[in-house]
Amino acid sequence: MLRTKRVMAATFGLSLLAMASAGAEAKTLVYCSEGSPEGFDPALYTAGTTFDASSKPVYNRLVEFERGTTNVIPGLAESWEVSDDGTEYTFHLRKGVKFHTTDFFTPSRELNADDVIFSFMRQLDGENPYFDYAGGSWEYFNAMSMPDLIKDIEKVDDYTVKFVLTRPEAPMLANLAMDFASIFSKEYADKLMEDGKPELLNQQPLGTGPFQFVAYQKDAVIRYKANPDYWDGKQPIDDLVFAITTDPAVRYQKLKANECQVAPYPNPADIEAMKNDPDLNVMEQEGLNVGYLAYNTQKAPFDKVEVRKALNMAINKEAILDAVFQGAGRVAKNPIPPTMWSYNEKVEDDAYDPEAAKAMLDEAGVSDLKMKIWAMPVQRPYNPNARRMAELIQSDWAKVGVDAEIVSYEWGEYLKRSKEVDRDGAVLLGWTGDNGDPDNFLAVLLGCDGVGGANRAQWCYEPFDKLIQEAKILSDKDKRAELYREAQVVFKEQAPWATIAHSVVFMPMRKSVSGYKMDPLGSHRFDGVDIAQ
Amino acid sequence: MIRFLLFRIGFLIPTFLGVTVVAFGFIRLLPGDPVLLLAGERSIDEERYRQLLHQYGFDRPIWDQYLTYLWDLLHGDLGTSIITKKPVFQEFFTLFPATLELSVCAILFAIALGVPAGVIAAVRRRTAFDHAVMTTALVGYSMPIFWWGLLLIILFSGILGWTPVSGRISLLYYFPTPTGFMLIDSLLSGQDGAFASAVSHLILPSIVLGTIPLAVIARQTRSAMLEVLGEDYVRTARAKGLAPWRVVGLHALRNAMIPVITVIGLQVGVLFAGAILTETIFSWPGIGKWMIDSIFRRDYPAVQGGLLLIAAIVMLVNLLVDVTYGLINPKIRYRD
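If you read the sequences in order, they're chains V and D.
For the first sequence, this note's numbering gives the first residue as 31, with consecutive numbering after it.
For the second sequence, this note's numbering gives the first residue as 15, with consecutive numbering after it.
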């Protein structure tokens, strides 16, 4: 009965669809998104839900993440050069790139260097008319230290832009592929400013991306249509619709009823049933994160490598994955996730061996060890239940004669206190990557600069630090990868952390959807996706 | 009547002032700093933090913030949402029609079923029907909305496929929504099938949201009817030989309706509370869902503005209910 109704509705709706896209054969893909976007200017926000609705469909960056990987590939910049000292990045823009023509704006010119400069200067330059618009909180731009890093952005000619940096920084390219670096139309922004409505830049997005914005009905539906003039060719689907559906159980029902074809973030309890459903396809991938236990390597006896190694060998990680992640996790052996380039497959994890661990502790002269385990008070993808994890580690360690006490604090306090160099105990924490660059994990979390800050192990080990510092200023990616692989070996030998888990992300969709690739960075992209109707 | 109205409206002013204090204070009592939450997990440097605090005025003394809020309020300015950067007033009234449409349908469903059920239960007192109605009402009253909603979706949308799972209208329809009421806009759109689609999307959420009011109305109608049916004039009417349906329908029901209308008026508050959960389950873009999002994001202006507007609406409805008494019962007409 429903089917008849739907067919009827479809027939009646056709005239409209014909308007929204070319021809009656319009292919529509409905995505049951998990929440409402905060706005449509990705540089103002940090939430993935907002990026999925703004930067991913509507905008492009100078460089892009290749679909399904963290590799950086040409976007609006066809090519680029990096100066020998690594402080100048010169981008050559693609020619003939058109901004969207919509019912709210018709561009008179194609993309050029002015648009690129505007897109960054509005976040960098206090004099820019857009600097203070919509609260002007350029969170990610600031969080990635762009104001310190960017000395100047120069227009060489209409299709060439040069970024001058204050210091060499290889992850810069990856940073430019992030959402805050989306390229806006200066012409459109100027027009809005002239009309006295700059806030519309955050409500009616207009870019060069694969889909163009049609309408947003607050908290209900976002409509896009394929950009007919997309520089990389028109998308296989004609219309993209986000049906905002906050409850995971309801998303599942909508997926089953074919009211949407892709629905993220399923309930872990539903995954088995989804996998058994002949109409559904459940993709899965490790998230770009790591959950770890950081020892304070500056305090005895954790300053000894053997002690840290022995404690690592006493932890039964498989049991933790079963109990805490309920299957939605993978054992971590490296400090970076397996979806990230330079991940070292060859590193061997410490085997779970309580006997050997006890012997190692005895050998190191450590007996009757008393210590603290810090358990986070919040849930995170890399650690859904820190308390439970701490209890399991506590009981594992009891078997090798270590008496651990579990402590916890309010989240803000936890983050603050765990940074202190003379902190007592091993801290459970984790990290989710921003830009897919190994530097974003290895330097931030384990570099000497991070001691007293994000480096919760307070670990400053020169051979390791040398490798990552060298890798940070090289622009040759293969050479960088080599150094990072080596750094992972050093990390494993030195064991400043017990690497515990990477979460696994599930992505259910209907079998009619093809070409979807899971993004290791956690976003949801529909370029290159097709649907059989 | 006019004096009564003036008196009641005058009474609203202190109530409204009280509400402003609660709305302003409530969100500030919750732990969590809006600026830090805005910055997300990436942390924020001290200078930037102060700058943002200043920008939103959170660095001023609390009484100063409250007075500014009141002053702006007097000028009809509810502030701008920290998150969406849009005026709160505009945000609220974009979403309000959806909640109103759902609430009206829910309450109509509750009245249409609750009043007859209550009347019949009273007339057939202590029969199986009476017990059945009262037991069902009790169960309905204690039903957790979230669970009830999911149960209905799984049965009617999932297994039977009779109703759509969620949303306000099939995504196939896309037309301008000048009024914000989907039933009206779908008719105005002139697209065939749009109205039917809008109706089918309203069925489950109306039932879910109307369940608790339905239970309350049925019980209230029954007890009011029982009382009235025992009155002398009802016996007189019966003795006169009036048809039973006239006795019950005209003489008894009209008098029994007064407490029932009070209860219906009070249900408006219940509807708003229920709308929060119902809208979340059915992805219904109304103010309930918006309030929840705003609270989680510590969007101070949105929460205090939203609370204030909801409270104002509840107060107005209650005023209307008071006025309605007079229309139903001439004995309570207010004289100047």
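Calculated directly from the structure, the hints in this document are not laboratory data.
Treat each hint with caution, since some may be false.
[As the list claims (entries may be wrong)] Subject to a maximum C-alpha distance of 30 Å in a straight line, what follows is the list of computed DSS-like cross-link-like pairs (lysine-lysine):
#, chain 1, residue 1, chain 2, residue 2
1, V, Lys248, V, Lys57
2, V, Lys446, V, Lys264
3, V, Lys363, V, Lys376
4, V, Lys57, V, Lys547
5, V, Lys547, V, Lys446
6, V, Lys305, V, Lys334
7, V, Lys57, V, Lys128
8, D, Lys99, V, Lys221
9, V, Lys446, V, Lys376
10, V, Lys264, V, Lys496
11, D, Lys99, V, Lys248
12, V, Lys248, D, Lys100
13, D, Lys100, V, Lys227
14, V, Lys128, D, Lys345
15, V, Lys402, V, Lys57
16, V, Lys227, D, Lys345
17, V, Lys128, V, Lys547
18, V, Lys400, V, Lys181
19, D, Lys345, V, Lys221
20, V, Lys400, V, Lys429
Hints violated by the structure (listed by number, smallest first): The structure breaks hints 2, 5, 6, 9, 10, 14, 15, 16, 18, 19; every other hint is satisfied.
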